[in-house]
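Residue numbers (the UniProt record's numbering), protein chains in the order written: chain A, 1 to 313; chain B, 1 to 313.
The set of hints was computed from the structure by calculation and includes no laboratory data. Watch out, some of these pointers could steer you wrong.
Stated by the list, open to error - A few chain B residues that don't get close to chain A, going by computed Cβ distances all over 10 angstroms: (1) 23; (2) 30; (3) 31; (4) 78; (5) 169; (6) 221; (7) 262.
Stated by the list, open to error - Derived Cβ-Cβ restraints for the label pairs, each shown as a range: (8) A:307 <-> B:128: 34 to 44 angstroms; (9) B:273 <-> A:24: 32 to 42 angstroms; (10) A:24 <-> B:285: 22 to 32 angstroms; (11) A:310 <-> B:202: 46 to 56 angstroms; (12) B:160 <-> A:310: 20 to 30 angstroms.
Quick reminder that beta carbons are idealized off the backbone N, C-alpha and C, glycines included.
Protein chains: 2
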Amino acid sequence: MKETTDIDILVSEVGPRDGLQSVKATLPTELKLEWISALAGAGLREIEVGSFVSAKLLPQMADAAEVVAHALTLPGLFVTALVPNLRGAEAAFSAGIHKITLPISVSEQHSLSNIRKTHAQLLEEVQAIVALRNERFPQVQIEAGLSTAFGCTLQGVVSDDETMAFAVKMAELGVDEVGLSDTVGYANPTQVRRLFTRLFRELGPLAGSAHFHNTRGQGLANVVAALEAGVKTFDGSQGGLGGCPYAPGASGNIVTEDLVYLLESMGLRTGVDIDRLVAAREVLRRGLPAEPLYGFIPDAGVGKNFTYAREAV
Amino acid sequence: MKETTDIDILVSEVGPRDGLQSVKATLPTELKLEWISALAGAGLREIEVGSFVSAKLLPQMADAAEVVAHALTLPGLFVTALVPNLRGAEAAFSAGIHKITLPISVSEQHSLSNIRKTHAQLLEEVQAIVALRNERFPQVQIEAGLSTAFGCTLQGVVSDDETMAFAVKMAELGVDEVGLSDTVGYANPTQVRRLFTRLFRELGPLAGSAHFHNTRGQGLANVVAALEAGVKTFDGSQGGLGGCPYAPGASGNIVTEDLVYLLESMGLRTGVDIDRLVAAREVLRRGLPAEPLYGFIPDAGVGKNFTYAREAV
């Protein structure tokens, strides 16, 4: 998705995956499709539409193939999905996905509790997935999303060296992109700037996206630091959907609406229309009436001094 | 307050002034004193304890002199107050204040609606206040806080040149420090970096603090940019107290608790103990039970990877 030249930053919407897998209620498939259409209609170029996991584990994601099929009909949309293992990869590839993201926990404790795999088992799985892609689905991109790259609720500190060792390993295994995820909201701007700078230095064009959570309110502050390090792709979730295991009132992922406002007001083109993006929340309100939606821009609106980056002189 | 060497950044708490003047309920004087003591006890070195304005206009601030008298008994605390005119300045000086902050609206429309003064009248008032200080209270510091420095709900865009012209004018009139305030939550990090860089270049040691609101969720993102421009003093408000005329769930000022966490996790010493700071909220809950308190850190806690800057290797 990096070939576009009419935007400066790619905002990758992960609400249909990261958001919906974290909420208790299930958004009916029909509304999921309507929501994704509305998000794409607002100008989002890339949406992580679901997760190819066991329907027993995550019943909200049981309709992943159907959702991908719909998303593929939306003009210009780059369709991605999360895939934790070879079986999921095969299903996602067969569904016609453009890109898969592999969750790779830098913290082995997190890996064991999240996808029940040791690091050795995880690396084998990545190898098998890349081999499958290379052999039968060469057009599909593979991104490794390094979870707990900035710290882990189980392990505590995760060192830069640990994260970078995994990043390099992933590049060696043949993935196309390596992103860094602050899975638990532990990152700070100093660390973000330092680690992404190193990622770009060591991985060059394979250095990928930033995925921040807002558990401690530091999400957009970390975006500023990542921008300085050269990051061009940011994950966001509409309404900060996903909640947070810790904090009432604290969103999970950074809120796409606030992220787009930040970027555009900084003079960085995202291609997203804020009014249409905010309007897309209506589908969520209808489908998940009990779920709180976060974000400042939907309530406060843009400032009277606001200009889209494309219109700025 | 810039002579200290055991901290890197001065967090200036404005809750007792900016916060309390915005809430409808009045915090009884006794609890105000208890709160200020708790804030100082948590390690905050500077607190804006009130506003010397007409008690008719702001009954919550009628006890300003009594509050200053109490704050002056707290060891090591630098006591400041907001002062909108000469009469307020005389009262604040007589109360023994260490520093006054003059709210100077760069937008004339805002000036007229906020303190009912044209720019010409405002400049005359500043001149008179500086003269009074020089003549009878030479030990008191005067800061000009440039309101609407980044934009105005009435005027819309406020240009860098407009803001800088006022900054230079204030320096010429003899104030000791010029800070920039994003009164209405319009600032973005690009603008913040650009404008503070210019402030430091043109004003040198007179360049002062950053005062950000979080109306659009961009407060801490703006702090990151201001840090890069060299800002060493940031205003914050406990619990984001002050609310916001626009957004339910949107705080007014940036939340001191989250600000301190940001700075410390970035390796910048503030001298503030986060646990004690969070504990100080209890006084507000008691005194203003109906007032929502914002902030992520009080609910989420610090991360397991967190270390105070002073303890970091």
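Do the hints match the structure? See the list:
Consistency note on residue 23 of chain B: stated as away from chain A, and its beta-carbon is indeed over 10 angstroms from all of that chain's, at 18 angstroms minimum. Non-interface status of residue 30 of chain B relative to chain A is upheld: no Cβ of that chain comes within 10 angstroms, the nearest being about 29 angstroms off. With a closest Cβ-Cβ approach of about 24 angstroms to chain A, residue 31 of chain B is found to remain outside the 10 angstroms limit, as its non-interface label requires. Non-interface call for residue 78 of chain B relative to chain A: holds, since the shortest CB-CB distance, roughly 26 angstroms, exceeds 10 angstroms.
No beta-carbon of chain A comes within 10 angstroms of the beta-carbon of residue 169 of chain B; the shortest separation is about 22 angstroms. Taking the minimum C-beta to C-beta distance to chain A, about 4 angstroms, the non-interface status of residue 221 of chain B is violated against the 10 angstroms cut. A beta-carbon of chain A comes within 10 angstroms of the beta-carbon of residue 262 of chain B; the shortest separation is about 6 angstroms. Judged by the Cβ atoms, the range 34 to 44 angstroms given for residue 307 of chain A and residue 128 of chain B holds: they are separated by roughly 39 angstroms.
For residue 273 of chain B and residue 24 of chain A, the hinted distance range of 32 to 42 angstroms is satisfied, since their beta carbons lie about 37 angstroms from each other. A hinted range of 22 to 32 angstroms holds for the C-beta pair residue 24 of chain A and residue 285 of chain B, which are about 29 angstroms apart. Between residue 310 of chain A and residue 202 of chain B the CB atoms are about 31 angstroms apart, so this pair departs from the stated range of 46 to 56 angstroms. At roughly 21 angstroms, the beta carbons of residue 160 of chain B and residue 310 of chain A sit within the given window of 20 to 30 angstroms.
Consistency with the previously given hints fails for numbers 6, 7, 11, ordered from lowest to highest.
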